[in-house]
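Chemist: Produce the complete structure using the sequences and hints provided.
Protein chains in written order, with our numbering: chain R, 27 to 448; chain H, 88 to 184; chain Z, 5 to 931.
Just so you know, these hints were derived from the structure itself, not from any lab. Mixed in with the good hints there might be a few duds.
To be verified - Here are the simulated lysine-lysine pairs, DSSO-like style, with alpha carbons at most 30 Å apart:
no.	chain 1	residue 1	chain 2	residue 2
1	H	Lys137	R	Lys95
2	H	Lys137	Z	Lys817
3	Z	Lys447	Z	Lys130
4	R	Lys319	Z	Lys157
5	Z	Lys298	Z	Lys417
6	R	Lys83	Z	Lys447
7	R	Lys298	Z	Lys417
8	Z	Lys157	R	Lys298
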Amino acid sequence: MSSHTSRYSLANLIRHGLTGHRGWTPAWRHPEPKPEYDAIIVGGGGHGLASAYYLAKNHGMTNIAVLEKGWLGGGNTGRNTTIVRSNYLLDGNAKFYEHGMKLWEGLSQDLNYNVMFSQRGVLNLAHTKGQLETFRRRGNAMHLNGIDAEILNRDDVAKFVPSMNMSPDARFPVEGGLLQPRGGTARHDAVAWGYARGADQRGVDIIQNCEVTGIRRDQNGVVGVETSRGYIATKKIGLAVAGHSTQLAAMADVRLPIESHVLQAMVSEPVKPVLDTVITFGAAHLYVSQSDKGELVMGGDIDGYNSFAQRGSLAIVEHVTTCLMALFPQFSRLAILRTWGGIMDMTTDGSPIIGTTPVPGLFLNGGWCYGGFKATPASGWVFAHTVATGQPHVLNAELSLDRFHTGRVLDEKGAGPYPWLH
Amino acid sequence: MILLTCPHCGPRGISEFTYRGDATVARPTAPEGVDDTSWVEYLHLRDNHKGPHDELWHHVQGCRRWLRVRRDVVTHKVISCCDLAGDPAGDVAESNP
Amino acid sequence: MNRHPSMGRLIDRNRPLSFTFDGETYRGYHGDTLASALMANGVRVIGRSFKYHRPRGIFGAGSEDPSALVQMRAGARAEPNMRATQVELYEGLVAHSQNNWPSLNWDLGAALGLVSRFLPAGFYYKTFMWPGKFWPHYEHLIRNMAGMGRSAKAADPDHYEKRHAHCDVLVIGGGAAGRTAATEAAKDGSLVWLVDENAQLEALDNVTTMARTTAFGKYDDGLYGLVERTGDHLAKPEAGAPRQILWLVRAGRMILASGAIERPLVFANNDRPGILLASAAARYLADYGVAPGKRAVIVANNDSAYDVASTLIEGGVEVAAIIDQRHMTTRREIAGCEILHNHAVIDTAGRHGLRRVTIAPLDVDGDAVPQSERLIDCDLLCVAGGFTPSVHLFSQAGGKLTFRDDIQTMVPKTEVPGITVVGTANGELDGGIGAPIALSRGKAKQFIDLQNDVTAADVELAAREGYRSVEHLKRYTTLGMGTDQGKTSNLNGIAALANALDKPLPDVGITTYRAPYTPVTIGALAGREVGAFFTPTRRTPLQEWHEDNGAVFVPAGLWQRPHYYPRGGEAMADAVKREVLAVRENVAIVDVSTLGRIDLHGVDVAEFLNRVYINGFKTLAIGMCRYGVMLRDDGMIFDDGTVAHMGDNHYIMTTTTANAGPVMAHLEYYLQVVWPDLDVRLTSITDQWAVVAVAGPQSRALLENLDSDMEFANQALPFMGWRAGEIGNIAAQVFRISFSGELAYEMAVPSDHGHALWEMLLAAGKDMDVIPYGTEALTTLRTEKGHFVMGPEADGRASADDMGLGRMLSSKKDFIGRRSLRLPALMTEGRLNLVGLVPTDGKTAIPPGAIMGNRETPGPSMEKAGHVATSVFSATLGKPIATAMVTNGRQRHGETLWAHSPVDGRVVQVEVTDPIFIDAKGERLRA
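Modeler: In structure tokens:
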């Protein structure tokens, strides 16, 4: 599929520029579904597309399809605040996310698609000595897992984020923070598009506007999917439909420890550079960065109740902006330009689920809670391994569905089996 | 913001309430007598379908009662809201569009 | 100033104003917008576009304008990206152009125009990848080129308010349709609000009218978000008045009368200053008496052009030609004005503003016939591409749209309960019906989105590359993602995509409308919750005393608790050491009013306590207290505290400070949902009591100095007993419980008497040098005593057995969380147990948050054996100590481990010990 003129490079950009860019070929085909595939990935978001890409690239499975009910990248891949980090405390999470971080670091070159991965750091702010000690524990755990982490004191923070309110009279003065310098942001849509293009070039059929309406099984396991574009046979189905995992799993009578919640995000109007890193507020729920376009990109807490509506309440927007004002009172006269919501799979321990299910041939990649975007490459990598071999990769062994049965949950926050608290 | 018509306090925005999800989850009456699977299902499995959803809300900034709410999780329209102790007056609460 | 003598219904010529733009002083009138005043002064170039830095002028006359964005005000009031078309003029207004360097007219960024052919939509996805390590440098350049205006650098001196209101009917839009609807709705006595984003809104009988008010969002259950700009038309808000008010209005129903927005036409170089929406050009004359040019050409695909021509001519503008893209329709003649049917504008000229247009007849395919081109000199080109109804709030509410062929635009299709769309917003267009888009060809840029510089070629490229969904188009090209939210560009963009895909427009779909309709300031959304009011501060009855006596505070949830009380210039470590030693050797007092306090009444309280705590409560006698631990149902520790048996069927429970609220909700949940048959009533009484702990070997002596009817001797008030009595004339409860491990009493009095109690305790202990102590000393004291706390030790993943409380777990009863203790993960070896640590050398501080390892050098073969929970310097023992959670820790007492803290490069060799460092037998508490 790939020809040298469709390769993305400065030389080709100039070459095509001389002919009005009429020579660019489609980034992906729009094929009709075949009657049968070796594997089907349900969900054309970042995770599904990355899974397909690594199935083709790492496992040589190219007779596969990604089925997307709408447009690819239209779910949470295109609705998040684009943060990438691997600053996890628990080993089961940390090793997985750090593998992802390493993939991020070479992703643009690997995909030949600039995903604009920008390692401008992720700084978690602490507002009490106790909070800082909790961060020290996380930072130390990260170090011992080979992950970069720095503990910043007040002066370090003031130097690192000169525009931030460091007043000791603030309602919650900044005491210090945990910085992961290699953390940052990436261009979310580009991640989906880059993986789609890469998968398509390796022969994967990406089929948009194709909704899965049923999963057919026999006594040995799955045999195919019913879709809005007809029945497609397959022996392996990988679900990558976070937000709707319970719906799809229910088609095979699998129940999941997941609730669907709406999480909002928002951007301000674009302004010249004012913030050069990703900040999370430690006294309430806010994460903020500035995009390459100049918009402040913000998110906060989930609305906090089951929802399948991709819209949330104004109260969350008010809260997020209030938190922003606590850190950056000078942003008062900037304006919020867009708000939107996405549907999250909130698990009962706050960690994702990637692995096998009780139904042979049915694999699950879901339960991403707030944090799916950063996991995209690692998730695709280990899910491809799981689908191809039928066994979890060592990196997702602890992320199994079975952990809820044994009690070996990965409760990063220690909040208990309450999805809305994670 | 969704309005819940509390049978004790009247219509209030949901910022006065906290949420506890699926109201159909029943704690085993004799936990020691159930097997691991049943107990884990009680701990971790919850109803998460689209459409009308029965769920618990706690009126923490009002009467402190736990309420059983039926709400469409796609449209957010509240279909009913009543006290768990049963209160016919609060059985049906019409919500504004 | 160029003003028509009689036109200009909104300006007051008796109130001249002066203002500056880019440092030049100009004059205007009260009633002007910044745009109309700049136009009157002949200023054509207002700013530079986002990507190519092309000169941009005034394009519209209201909130739809994508083009004339300015940097308003200065200093801490600086506001970027303000639409000059909506900024009301005031005396002394200061505005600057933005997104240019060094100046508006000589902008180096415009050099990008020379290479713009190599910068199509999404060019950044295709390059800047080699070498990979250069990306940060490329990105730095991109970031500096991007952005628009500049943020203020200091906190906003103005304030914002929020107000809540209810009405029966909310009418949005103060035009004819809205006014009629509002009047009609008010007839039955309904409470009707009519809001409009513009400054002018005449009063209506029986209707509450609000000008300068934008309804920006529709939320669940009839909630609408409105922003009223109360101070923006002034140099600064009136004293004490807010700059803006965020109104949260619950409306029984809403009538949307938000009108329609004119669409531009798409042709080569259609972005020059001097090219205006035709309806806007007419408004500048009619409303402000300003002619947007001297010699005009009007290009249209609909009848509305003819009325605009009449207005312009009335205003003294020469209309050189009307270019009607349609075949001969209704023939209308306008004196002195050439009318060319079946023609189009195919190009324009004029470096810093329009000078000339190129027109050409159209062939049967609608393409321009190039050899028949003709040039017309003009400084104003009015574009009339038909109208798009403003249905944003309808769409936000979930209403679906349909493309109506007869009016060539999107209109409401479905019914949304509680919302009525009326007037032009509902497609009742009077003229102004024209098909979106008419593409000509050629190399010059044909802009669809004037703010983000998205061209017709960009849309075609997106379609060619497979970005066929409208959402892909938007995201790939940034079409409609500017501060104008694509009000003038979205439909044209969709039409261009339809054209590129060779599909009918309705089949292409439409992007989702999302709040806000126009951008809403962060200040308005935050309201008064700024600075100290970010979140409420809870204050104990003794807060003032702490403040007056030099306490250093630390946040504890919403509370601010005394961290320590330095004397003179004393360092924290010295103060804490002094406070700890006072407790261990003498007597000291601490404010513990923040601990949660719950009053329980009912015949089943003992049974209930038995179910919520891991240990038994049925045997607790009246007059006695008991320590208890609560689990969640997943078996993890949830909270701990003491319960006092106060009388028949009456108990008082204390909780940790942080968990006071969650524990109350937890108890209510189990009582109301799980065990409604139990007779227990709960009342939170945290705020009703002031509680002071008196701790130290001299505490009994201090209490005996009080004027009290109570006896404090061991036999009268034993360890874990409580008594009621009077101190002075205050009714008090005294609980003999201890957190520090010393002889100690918790004294509770009604809140109003807290200060009096505190003073009496200080007076009674004066001769024995009683001092107050803070939370840091508390932490040291409890660590010495081996008490775990929620957070550092019990972090939500720890069981009671992990804390060494296995013996407390009652085997005689069921309790919350018990069943989970039999799950495999809680039964196996290798759990983290609470232990103590001491440095092997007896002096090196143990790094807080360190990870435990079985070797000095980390590496794959090192066993990670848990982590340090709380690290303190024990003043009592004169050396550093710590608590830690260590794998199988209870079996490892005496073992040597290393505390690894790579975040500060420290590794400390430690010995694992019992977590209780002092008085393991508990003799001091019982003294």
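Chemist: Does Lys417(Z) lie within 30 Å of Lys298(Z) when you go C-alpha to C-alpha?
Modeler: It is violated: about 43 Å lies between the C-alpha atoms, which goes past 30 Å.
Chemist: Verify the proposed pairing of Lys137(H) with Lys95(R), using a straight-line Cα cut of 30 Å.
Modeler: With a Cα-Cα distance of about 17 Å, the restraint between Lys137(H) and Lys95(R) holds, given a limit of 30 Å.
Chemist: Does Lys447(Z) lie within 30 Å of Lys83(R) when you go C-alpha to C-alpha?
Modeler: Measuring from Cα to Cα gives roughly 40 Å; hence the hint is violated.
Chemist: Between the alpha carbons of Lys157(Z) and Lys298(R), is the straight-line distance 30 Å or under?
Modeler: Status holds; Cα separation ~12 Å.
Chemist: With a cut-off of 30 Å on the C-alpha distance, tell me whether Lys319(R) and Lys157(Z) pass.
Modeler: Holds, at roughly 20 Å.
Chemist: Under the criterion that the straight-line Cα-Cα distance not exceed 30 Å, is the pair Lys298(R), Lys417(Z) satisfied?
Modeler: violated, 41 Å
Chemist: Is the hinted pair Lys447(Z) and Lys130(Z) satisfied, with a Cα-Cα distance of at most 30 Å?
Modeler: holds, 22 Å
Chemist: CA of Lys137(H) to CA of Lys817(Z), is that 30 Å or under?
Modeler: violated, 40 Å
Consistency note: the structure conflicts with the earlier hints numbered 2, 5, 6 and 7.
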